[in-house]
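Undergrad: So the chains spell out like this:
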Amino acid sequence: MSLVAIVTVAAAARSAGASWRAAIALAGGFIAIAVAKFGIGPTALFQGNQTDVIQNAGGVSSGGMVVVIAIAVGCLYLAAIWVLAVLFRPAGPPDGPNGNAALALLGIGLAALLLTGIVTTAASQYVTWATTGLEATGLAVALFVAAGLVAAAFHETSVRAKALGHASMYMTVLWVAIAFLLVFQVLWIVFLLAIVATWPFRSVTPK
Amino acid sequence: MNARLRLLGLMVRPRAAITMWTFLVIGLARHAGPTISADLCWATIAVAASYAVATSVNDIADVEIDRANGLRDATRPLATGAASAADLRCTAVTAGVVAVAAAIPLGARGLVVIGLCLAVDVVYSATPARLSRRWTIAPIVLTVAYVSLPYWLGIVVAHDHWRPFDAPLLVGLCVLFFARIILKDVRDRLGDASHGKPTLLLRLGKDATCAISIVAALAGIVTIVVAIRPPVPIVAAIALDAIGIVWMLLRLRVTADPKGELVAIGTAARAGNVLLIAVLTCLLLSAQGAARAQASLVVAVVTAVAAVGFLNLALRPERARVAYKA
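Each protein sequence line maps, in turn, to chains U and L. Residue 77 is where the first sequence starts when you use my numbering, and the numbers rise one by one after that. Residue 56 is where the second sequence starts when you use my numbering, and the numbers rise one by one after that.
Please note that a few of the clues may not be correct.
Unchecked claim - Label pairs and their calculated CB-CB ranges:
{"id": "1", "chain 1": "L", "residue 1": "Gly315", "chain 2": "U", "residue 2": "Val83", "range": "35 to 43 Å"}
{"id": "2", "chain 1": "L", "residue 1": "Thr182", "chain 2": "U", "residue 2": "Val83", "range": "27 to 35 Å"}
{"id": "3", "chain 1": "L", "residue 1": "Arg374", "chain 2": "U", "residue 2": "Ile271", "range": "19 to 27 Å"}
{"id": "4", "chain 1": "L", "residue 1": "Arg122", "chain 2": "U", "residue 2": "Leu182", "range": "27 to 35 Å"}
{"id": "5", "chain 1": "U", "residue 1": "Ala188", "chain 2": "L", "residue 2": "Arg374", "range": "44 to 52 Å"}
Keep in mind the hints are simulated off the structure, nothing from the lab. Ideal Cβ placement from N, Cα and C applies to all residues, glycine included.
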């Protein structure tokens, strides 16, 4: 997964105009995020779940809960992609993400946390575990490394917002695809065909 | 040697070959589910090589028409002068040998299917049959070559036989593909007309061709849905694809700008490809015992991602780049 992340992010950043050096540093940043997301985060949830049972909201069964969580996470991903695509566009100088985009992301995150908190305590439990103890230290280190690498990647470049937006969008879609692949390996056929069907975005084949 | 291999790779034309491969995999998924085997690799090579035969023979037969239509990109080496007719004949023979060799591990039935593919490739373009000049038969022959034979090869790869449930699905796929293939002549109509090549478009006119295409697309989609009986969310995703296809075909009917026509066709084809992917996902995951909700979720994600690309082209057609047209 790290290898896939390196290649995807580096290629996306490079295609957006970043230098190879910046693209590789950015890829390192995304890997640090991946470590936090797929390593430390689930570990924290697993350890917390050993002491506090996550109840099923509204009497939904375990299978139904998976679907509910998947839809919720899917909506969050769509919202994040939308924010990245629309608001992180490189505007005129000064180049870089504008404040509205950051506020929109923060608002979406808080709203999701509050809405989830109405039906289940799982989200607040997760936040508690992820911000206390050893896991919190690991998360902080991983995110600090990620932020440092991203900052280093774009220290002197003028295409910061564009490259960051491209890389973020590709990685977000890629994580979803990888998650599906881990459950149903045969979906490689589907994703292969989906890539061929949708890429390149602006090319059409009339015959 | 390198030049010959490069020419062979060029004549495969990956996008069209992958369309054929999609029907092969749908046939496989319908019968064996998610079976990934060496046979699938051999079948893939055989289909790709047989398609290289088709393109080579067709390019030789239609070189003047291709030049008249301005098809001078890298995928038309004969039209551009990058290769000679003798080179393409050699490529066709080589690809034919590769196709047959790759079909040997598939057994007698695999050889029969690939043999039929090669036969269709030749009689479609080459004299004396030259079915491409018969406007009523040509789209049907192409539908057989692109859809039915690869689907049959998928059944062979699954080590299974034709079953009653194949008929409605295959009919639906064929009718949907027919809706697509009768539009391929829009791009080439000037050259076709100047060289006296009769096509359905030139005989019936654009309005009638678009009407036939819309009716066939809708009929094909309904037949496919009835054949595989997917969960309601997947039916909804397929319905969205259908709406996208009809939208673009209606736009094609009223568009006079040549580039706008090609973009409308290509955009509709994208929606059609996503529809096929939804069908394939449904078949693969149901064969693997996935819950209907999980299959629906995958299709929803793929449809959502594809919708971004579709809307990007549909709402801003002026930004589109037309492939295979210099």
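Undergrad: State the violated hints by number, sorted upward, taking the hints as numbered earlier in the document.
TA: Violated hints (numbers, rising): 2, 4 and 5; every other hint is consistent with the structure.
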